[in-house]
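Student: My request is simple: use the sequences and hints to build the entire structure.
Residue numbers (the working numbering), protein chains in the order written: chain A, 1 to 453; chain B, 1 to 453.
The set of hints was computed from the structure by calculation and includes no laboratory data.
Check each hint, because a few of them may be wrong.
[As the list claims (entries may be wrong)] In silico lysine-lysine, DSSO-like type, Cα no more than 27 Å apart, as pairs:
| no. | chain 1 | residue 1 | chain 2 | residue 2 |
| --- | --- | --- | --- | --- |
| 1 | A | K365 | B | K148 |
| 2 | A | K24 | B | K345 |
| 3 | B | K365 | A | K31 |
| 4 | B | K365 | A | K24 |
| 5 | B | K335 | B | K242 |
| 6 | A | K328 | B | K269 |
| 7 | B | K328 | A | K328 |
| 8 | A | K335 | B | K242 |
| 9 | A | K232 | A | K269 |
| 10 | A | K365 | A | K335 |
[Unchecked claim] These stretches of chain B come out as covered by chain A in the derived footprint (C-beta under 8 Å, 3 or more residues):
| no. | region |
| --- | --- |
| 11 | 143-156 |
| 12 | 319-325 |
| 13 | 339-353 |
By construction, the Cβ of each residue, glycine as well, lies at the ideal position given by its N, Cα and C atoms.
Next come the chains, spelled out residue by residue.
There are 2 protein chains.
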Amino acid sequence: MSNLDLLFNPRSIALVGAAHTELKLGGVILKNLMRFKGRLYPLNPKYNELMGLKAYTSIDDIPESVDLVIIIRPAPEVPEILKGLDGKAKCAIIESAGFAEIGDNELQDEIKRIGTGLGIRLLGPNCMGVYSPYRRLDTFFLPYERLKRPRKGNAAIVSQSGAIMICLFNAIRASNIGVSKAVGYGNAVDIDESDLYEYLADDKDTEVVISYIESLGDGRKFIEKARGLSEKKSLIILKAGKGLSGQAAAFSHTGRLAGRYEVFSSILKQFGIQEAGDFDELIDAAKALSYYPHMFPLAKGESRGGNRVCIITNGGGSGVLAADECMKQGLEVAKLPEDKIERLKQIFPHFYGVNNPVDLTAQVKDNDYVVVLNELKDYYDGFVIIALTGVTGITPGLAGLIKDFKKGTNKPIVFHIAHDGGSRRLITLLERIGIPVYPSAERAVRGLRAILR
Amino acid sequence: MSNLDLLFNPRSIALVGAAHTELKLGGVILKNLMRFKGRLYPLNPKYNELMGLKAYTSIDDIPESVDLVIIIRPAPEVPEILKGLDGKAKCAIIESAGFAEIGDNELQDEIKRIGTGLGIRLLGPNCMGVYSPYRRLDTFFLPYERLKRPRKGNAAIVSQSGAIMICLFNAIRASNIGVSKAVGYGNAVDIDESDLYEYLADDKDTEVVISYIESLGDGRKFIEKARGLSEKKSLIILKAGKGLSGQAAAFSHTGRLAGRYEVFSSILKQFGIQEAGDFDELIDAAKALSYYPHMFPLAKGESRGGNRVCIITNGGGSGVLAADECMKQGLEVAKLPEDKIERLKQIFPHFYGVNNPVDLTAQVKDNDYVVVLNELKDYYDGFVIIALTGVTGITPGLAGLIKDFKKGTNKPIVFHIAHDGGSRRLITLLERIGIPVYPSAERAVRGLRAILR
Numbered sequence: 001m002s003n004l005d006l007l008f009n010p011r012s013i014a015l016v017g018a019a020h021t022e023l024k025l026g027g028v029i030l031k032n033l034m035r036f037k038g039r040l041y042p043l044n045p046k047y048n049e050l051m052g053l054k055a056y057t058s059i060d061d062i063p064e065s066v067d068l069v070i071i072i073r074p075a076p077e078v079p080e081i082l083k084g085l086d087g088k089a090k091c092a093i094i095e096s097a098g099f100a101e102i103g104d105n106e107l108q109d110e111i112k113r114i115g116t117g118l119g120i121r122l123l124g125p126n127c128m129g130v131y132s133p134y135r136r137l138d139t140f141f142l143p144y145e146r147l148k149r150p151r152k153g154n155a156a157i158v159s160q161s162g163a164i165m166i167c168l169f170n171a172i173r174a175s176n177i178g179v180s181k182a183v184g185y186g187n188a189v190d191i192d193e194s195d196l197y198e199y200l201a202d203d204k205d206t207e208v209v210i211s212y213i214e215s216l217g218d219g220r221k222f223i224e225k226a227r228g229l230s231e232k233k234s235l236i237i238l239k240a241g242k243g244l245s246g247q248a249a250a251f252s253h254t255g256r257l258a259g260r261y262e263v264f265s266s267i268l269k270q271f272g273i274q275e276a277g278d279f280d281e282l283i284d285a286a287k288a289l290s291y292y293p294h295m296f297p298l299a300k301g302e303s304r305g306g307n308r309v310c311i312i313t314n315g316g317g318s319g320v321l322a323a324d325e326c327m328k329q330g331l332e333v334a335k336l337p338e339d340k341i342e343r344l345k346q347i348f349p350h351f352y353g354v355n356n357p358v359d360l361t362a363q364v365k366d367n368d369y370v371v372v373l374n375e376l377k378d379y380y381d382g383f384v385i386i387a388l389t390g391v392t393g394i395t396p397g398l399a400g401l402i403k404d405f406k407k408g409t410n411k412p413i414v415f416h417i418a419h420d421g422g423s424r425r426l427i428t429l430l431e432r433i434g435i436p437v438y439p440s441a442e443r444a445v446r447g448l449r450a451i452l453r
Numbered sequence: 001m002s003n004l005d006l007l008f009n010p011r012s013i014a015l016v017g018a019a020h021t022e023l024k025l026g027g028v029i030l031k032n033l034m035r036f037k038g039r040l041y042p043l044n045p046k047y048n049e050l051m052g053l054k055a056y057t058s059i060d061d062i063p064e065s066v067d068l069v070i071i072i073r074p075a076p077e078v079p080e081i082l083k084g085l086d087g088k089a090k091c092a093i094i095e096s097a098g099f100a101e102i103g104d105n106e107l108q109d110e111i112k113r114i115g116t117g118l119g120i121r122l123l124g125p126n127c128m129g130v131y132s133p134y135r136r137l138d139t140f141f142l143p144y145e146r147l148k149r150p151r152k153g154n155a156a157i158v159s160q161s162g163a164i165m166i167c168l169f170n171a172i173r174a175s176n177i178g179v180s181k182a183v184g185y186g187n188a189v190d191i192d193e194s195d196l197y198e199y200l201a202d203d204k205d206t207e208v209v210i211s212y213i214e215s216l217g218d219g220r221k222f223i224e225k226a227r228g229l230s231e232k233k234s235l236i237i238l239k240a241g242k243g244l245s246g247q248a249a250a251f252s253h254t255g256r257l258a259g260r261y262e263v264f265s266s267i268l269k270q271f272g273i274q275e276a277g278d279f280d281e282l283i284d285a286a287k288a289l290s291y292y293p294h295m296f297p298l299a300k301g302e303s304r305g306g307n308r309v310c311i312i313t314n315g316g317g318s319g320v321l322a323a324d325e326c327m328k329q330g331l332e333v334a335k336l337p338e339d340k341i342e343r344l345k346q347i348f349p350h351f352y353g354v355n356n357p358v359d360l361t362a363q364v365k366d367n368d369y370v371v372v373l374n375e376l377k378d379y380y381d382g383f384v385i386i387a388l389t390g391v392t393g394i395t396p397g398l399a400g401l402i403k404d405f406k407k408g409t410n411k412p413i414v415f416h417i418a419h420d421g422g423s424r425r426l427i428t429l430l431e432r433i434g435i436p437v438y439p440s441a442e443r444a445v446r447g448l449r450a451i452l453r
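Tutor: Written out as structure tokens, the structure reads:
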């Protein structure tokens, strides 16, 4: 897949449609590309210079073949631009809109023919392109003031939609996780989710792949690449367009997996690939998987060690909601071992609830959580900890205690802490030591389930 | 229900177990009660004065019968305290824990007998009590620094759990809505959700009731009062303990609706009472209902005018997720009228998507949303607007345009705007003019559905 490597690791880039002002998309992209450390060639026949860089009139004026060409010119011009790349480039991102998404299938077919004929791999059209913070590569047409970029991290985003890319960037930043590579692939005239899965399966910076799909290309290829990826990395998919079941193409024979959502979903299940039900589930799962990447990969056919969950709470109601959600998610809120019940009853005041959930009540002290964890760590596969910070016994010191406990175990822990003025510091400290914190009990459970299954 | 009026509108309060320091719960409660404008009598035999107020040794020393007594003494002392209230009080909140919730049913039965015998209505035990901002009444045992209180508003909270009360307070503040009354009723030895529904049905400050239930008392009474309330106000219920189906009591004959969650849920559906699936759904529905209380009440058997929804977005993917969620929630993403399609195609650039969802693309300008709203306001029952603020064409000015549009229609509008640094001002402005904003497309749809159904 050397051509996809050109997409993510180009040494030289040409921008067709570069502009002198950020009021134009070609100016925003140029500004964002200025961070790139390789050679950068802005093209615009009207200018000799753009943002301090020499501007080129045409691709032929550039003194080398470039690894990657980015096109941000009106759709009708794109075929001629592509033809001009013959022998000068092997990979192009077409960010321009105005193709199949507005019904112009002919124009889209034409650029596909040209790309195939010239051996140029195409990303797009109608796409955001690539954000690769490890390479300082950013082809997005949104300025940094408008869309803050996530930090470097282990999660790759593969999104057919630019809108969802924006939402994911915001959610990822709020989740204190980071991005390895983000690709908006739009209409997928050539490079599609399957190609990207294949590439990311071997990408050393990526441990988790977050994928948003509206329509699929080749169904067999998708299954093969999704399976291959999910054997090596964590893959979580949100499929949109569930209701648009009009497309009649059958799944495996025609090679078009579009249409029937139910078929798609059952195939994912069959192959153990995780599916998110909505945007929040996507980001909740991605957060947990990004914090606990060492839980993966699974060997073929292997399942996680178990699904026994212990809930430790200082508020009864929240513990009940967590237990309900565990049941819904197929996680077992298994009873405490008898000897541990006796032991914890000796340690704790009589009004603590020594069951599962363990209820430490409003009288809780930080250390109570760790007492429970230490007693029970060998009996459960994961822990949901609920800390309602309105009580005086919970302090930021809890994070330090959890940090020490975490050294001696590989059992995943997720927290639910309600966001309020007073809890921010504890949340930050916990996430800094690698513990994901969720805004509701149910979402914490869903995060843990993504790790355990 | 004059005794319940004493609970919410007391003229005088005695606090049994008052303390001099906020390190004790009795001190926190006393501090919070200092905001109360009526007569306040702290009881503690060890002190002559507490926080600047004269302290009383026993209830008999108080020079009057009090409307409300609050008890925060160890559970074993509570029966004797209650007996001492004979002729001195008609309503008591027992905040102390240590009753049925830790298995001591005998002690709980005993206080029930005493209350009944003396004609004293009891709230609790094991409860937070009452927060009533219109009356400056606050019996909660959490200090303001630890739990910020919501502002005055139209939403009442009826929560069996203190933990969920805390979570609701945080979520309500984040939703920019306010509270009329909040009641944590704990073990419900006497006053239960049904009594509170009955009271709130006639409470002039309350337009929406948010109810969290773990176990029910009298099933017939619950149905009667829940129906009565939901005919006058919006009622949204989150039932926890769904998995604990051990209790065998049948529903309508024995009068105990505990146990089978499926029965509970189907009865709610039968009577058109809204149920939330989890905490986020509870707060999302409550938010929409609080912003659009004028949509209620429904006359008996009447349903909302329709379920036809128009989605207006500037990002295709988010529109698709919203459309999927509409389908899931039984809302119809109905096609645009043919003449309106023609009209909008004349107005807008050719690359805008004039379907439902209407896709204004990344080239959107603020006014485009209002153009669509004005053209389509008579054809739909509600609008989901998605504004991805990463693009330059969306400004805080959008709120002003929506405000003007809103004057001429009673059709509900909900927004999805992703939370990021740049969107906060627009969100604040929209919520200030009465438009609820949600952090995901799906949650916006769920909010709208709560209003339309």
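Student: Is the straight-line distance between the alpha-carbon of A/K335 and that of B/K242 27 Å or less?
Tutor: Answer holds: A/K335 to B/K242 is near 17 Å, not above 27 Å.
Student: Assess, step by step, whether the Cα of A/K328 is no farther than 27 Å from the Cα of B/K269, and give holds or violated.
Tutor: holds, 20 Å
Student: Mind taking a look at whether chain A covers the region 143-156 of chain B? Criterion is 3 or more residues with CB to CB distance under 8 Å.
Tutor: holds (count 5)
Student: Given the hint that B/K365 pairs with A/K24, does the C-alpha gap stay at or below 27 Å?
Tutor: holds, 15 Å
Student: Do the alpha carbons of B/K365 and A/K31 lie within 27 Å of each other, as the hint requires?
Tutor: Satisfied, since the Cα-Cα distance of roughly 23 Å is no more than 27 Å.
Student: Has the given pair, A/K365 with A/K335, been kept, meaning a C-alpha gap of at most 27 Å?
Tutor: Answer holds: A/K365 to A/K335 is near 23 Å, not above 27 Å.
Student: Mind taking a look at whether chain A covers the region 339-353 of chain B? Criterion is 3 or more residues with CB to CB distance under 8 Å.
Tutor: holds (count 3)
Student: For a C-alpha distance cap of 27 Å, please report whether B/K335 and B/K242 respect it.
Tutor: At roughly 38 Å apart (the allowed maximum being 27 Å), B/K242 and B/K335 break the hint.
Student: Establish whether the coverage given for the region 319-325 of chain B by chain A is satisfied; the threshold is a Cβ-Cβ distance below 8 Å, and no fewer than three residues must meet it.
Tutor: holds (count 6)
Student: Between A/K24 and B/K345, does the CA-CA distance stay at or below 27 Å?
Tutor: It holds: about 24 Å lies between the C-alpha atoms, which stays within 27 Å.
Student: Take the C-alpha atoms of B/K328 and A/K328, compute the straight-line distance between them, and say whether it is at most 27 Å.
Tutor: Holds, at about 18 Å.
Student: Given the hinted pair A/K232 and A/K269, is their Cα-Cα distance within 27 Å?
Tutor: holds, 17 Å
Against the hints set out earlier in the document, a violation occurs for number 5 only.
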